[in-house]
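One-letter residues, chain by chain:
2 protein chains.
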Amino acid sequence: MKFTIKRTAFLNRLADVQRAISSRTTIPILTGIKIIADRDGLTLTGSDSDISIEAFIPIEEESNQLEIEETGAIVLQARFFNEIVRKLPEETMTVEVLDRFQTSITSASASFTINGIDANNYPHLPVIDENESFHLPVNLFKQVINQTVIAASSHESRPILTGINIVIENEQLLAVATDSHRLSQRVIPLSMTPEQAQKTYNVVIPAKSLIELAKTLEDTAETIEMMVTENQVLFKTENLYFYSRLLEGRYPDTNRLIPDQTATSVEFDAHTLLGSIERASLLSHEGKNNVVKLSVNPDRIKISGNSPEVGNVEEEVAFKSMTGESIDLSFNPDYMKDALRAFGQMDIKVKFTSPVRPFILVPAAEGKEFIQLITPVRTF
Amino acid sequence: MKFTIKRTAFLNRLADVQRAISSRTTIPILTGIKIIADRDGLTLTGSDSDISIEAFIPIEEESNQLEIEETGAIVLQARFFNEIVRKLPEETMTVEVLDRFQTSITSASASFTINGIDANNYPHLPVIDENESFHLPVNLFKQVINQTVIAASSHESRPILTGINIVIENEQLLAVATDSHRLSQRVIPLSMTPEQAQKTYNVVIPAKSLIELAKTLEDTAETIEMMVTENQVLFKTENLYFYSRLLEGRYPDTNRLIPDQTATSVEFDAHTLLGSIERASLLSHEGKNNVVKLSVNPDRIKISGNSPEVGNVEEEVAFKSMTGESIDLSFNPDYMKDALRAFGQMDIKVKFTSPVRPFILVPAAEGKEFIQLITPVRTF
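The listed protein sequences correspond, in order, to chains L and Y. Numbered according to this note's numbering, the first sequence spans residues 45 to 424. Numbered according to this note's numbering, the second sequence spans residues 45 to 424.
Don't read these hints as lab results, they were simulated from the structure. No experiment lies behind these values; they were computed from the predicted model shown. Among the hints, a few may not be true.
Since the list gives no way to pick out one identical chain from another, each pair is judged satisfied if it fits inside one copy or across any two copies.
[As the list claims (entries may be wrong)] In the DSSO-like style, the derived pairs of lysine-lysine whose C-alpha atoms are separated by at most 27 Å in a straight line are: (1) Lys346 to Lys46; (2) Lys332 to Lys346; (3) Lys131 to Lys332; (4) Lys259 to Lys186; (5) Lys131 to Lys381; (6) Lys46 to Lys243.
Starting from the given sequences, assemble the full structure and let the hints guide the process.
Quick look at the structure:
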């Protein structure tokens, strides 16, 4: 194998693939990056066996300045190879496999020779039937990911809760995550062929995979293709394939958790409320119980936090409107901060049923497309 | 004590003082910041007992929007207080000491009440005789600090080597640091009164103190005043006092370490050489012995590094001129990188005497004002 390429073009793709590579893997060859040179271009592959990423650098794209003198394949230690490429002196670089998988990387007068591994030993990626695919709008799907992963569990005690449950049916995609203290659910419409609209998919994708996927998705891409098999999902853009394993098991029925009654409803500017919660949480973080107290009355909404060792904070929060009964309750401010940040700058409604039952946050412009739920903390 | 102030003005000064505050101190009150309000303004003090910083916010500077309603003093937990001030909702804030050192911090409708400590319990700062002072040019002195601290030792086995030896005599300031493997020395001229020029100062200031000092020095200030007592040094700009303890003991005589003969001299562009060393060190870092090899011949200068597990790198380095004998030697590339970065973008000369004796780096434009020395590593 021997090729010459523009260093920056190569580095961008290397960075994409590197997201899948973990230095903590127990399979030594997976600390490496697989490079295949064929007549169409270069294929780079990285994997931690949960996530695999394959990036393609086409020879026909002139800006890559890619020339392949000899086809072939090699696996090179990823972290190290990346550092070398980043530090090379010239705009272009040449990679050549020599005897016994030794690989030379040259640029101007600098010449590295590093030990490679036979690419035949690299694990095969899952084969996914490309017939069963549908398109997702990139920007909207990134939003779905960022808005739901916050509520996924980070504890392995119930592995299924570390994933996002994605249900596709009736020409819409529903994503939901819960760590059993809070929940985030988002729905987006999909455009599908009549045939696709007939089918239903229900999968649980590790939140970690989706977080990495969101990072690799360029905003320039308009749509991404999604394909599902029994235990794998593949997301595909023009030159990037992103594989993730699926979580096994049944995702809990979250629908019954969302209250359908409202005793009290308050409309806030999400950003203003976030500022108040951040201040209150400064003190709650110092205490044993990380809770802040919200006190809702028709004429006055108050947030307070306290820590016996440090002191207390109290603030009157500006709100847009309030309907229903007065209510006092306590909650974990970190859940509230995550939820409010996911809304960004918009008006929201917070709907309470009772001090001990979950309350929900929804966009003030109603609709069911985005719901966040938080369970209060009993303090009495 | 009660005052109102523009939050951003307060935060800037708070950040300066916070540099001196360590959360790892064994003296609880030193995790706090002392605030004194008097008729002239606010004085903030932070200290970790090695370094103490005092910042003054004058009432007469209108941009501070400082109003003092009641004079007084308090000590508040620094990290926490800083976070509160940063998160307050409005442009101005009010601090008021209530009963039993409880202190309220209010801004718009947000109101914090935190536990303070009696300011009388705060340790006193050293008293330094301000008569014996002289002026240092700020920009040049920052350069001196940044160019010498790199060679100071970070090991406490010989505490004196963790400091910078500063010698002021004959209207010049000499700063030198060495960890016994390398050395960095810088000399700058001082403008002094005839009376000052008579005196000699020879002190060892902890490198850590000087690093913090360099960070607090604003480039807008032209000169800084330096005052020395038996065991303390004070650096003083208009509204900032920076105290550091001095290291006790005799600094070794470094003059005899600097070779006065040259067998081989090579002129490089410092930046180009740095690039080559960085590449070579990628491989040396992987090996047990972190060394790279330099091979100097009249027609060719080569740098190489290798690690049996990973591979090797070899590079021909561009140089401007070379005089003297051919020489091969090995050294720690990290020392070389630090040294070259301290020169920045300029032409330098590297002067060798023998493969086992220290070599030096100086600006190509000669002069003795800046010398860096590195001891080679014996590899045979």
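Check your understanding: When no copy is named, should Lys346 and Lys46 be tagged within, between, both, or neither for a Cα gap of at most 27 Å?
Key -> The answer is between: 25 Å across copies meets 27 Å, while 68 Å in one copy does not.
Review point. Between copies, within a copy, both or neither: which fits Lys131 and Lys381 at Cα up to 27 Å?
Key: Classified as between: cross-chain Cα gap 14 Å, same-chain 40 Å, threshold 27 Å.
Check your understanding: When no copy is named, should Lys131 and Lys332 be tagged within, between, both, or neither for a Cα gap of at most 27 Å?
Key -> between (48 Å within a copy, 22 Å between copies)
Review point. Within a copy, between copies, both or neither: where do Lys259 and Lys186 come within 27 Å Cα-Cα?
Key: Result: close within a single copy only, 9 Å intra versus 40 Å inter.
Exercise for review: Up to 27 Å between alpha-carbons, please classify Lys46 paired with Lys243: within, between, both or neither.
Suggested key: Answer is neither; intra-copy 46 Å and inter-copy 69 Å both fail.
Review point. Should Lys332 paired with Lys346 be assigned to within, between, both, or neither, using CA atoms and 27 Å as the limit?
Key: within (22 Å within a copy, 61 Å between copies)
When the structure is compared with the earlier hints, a violation turns up for hint 6 alone.
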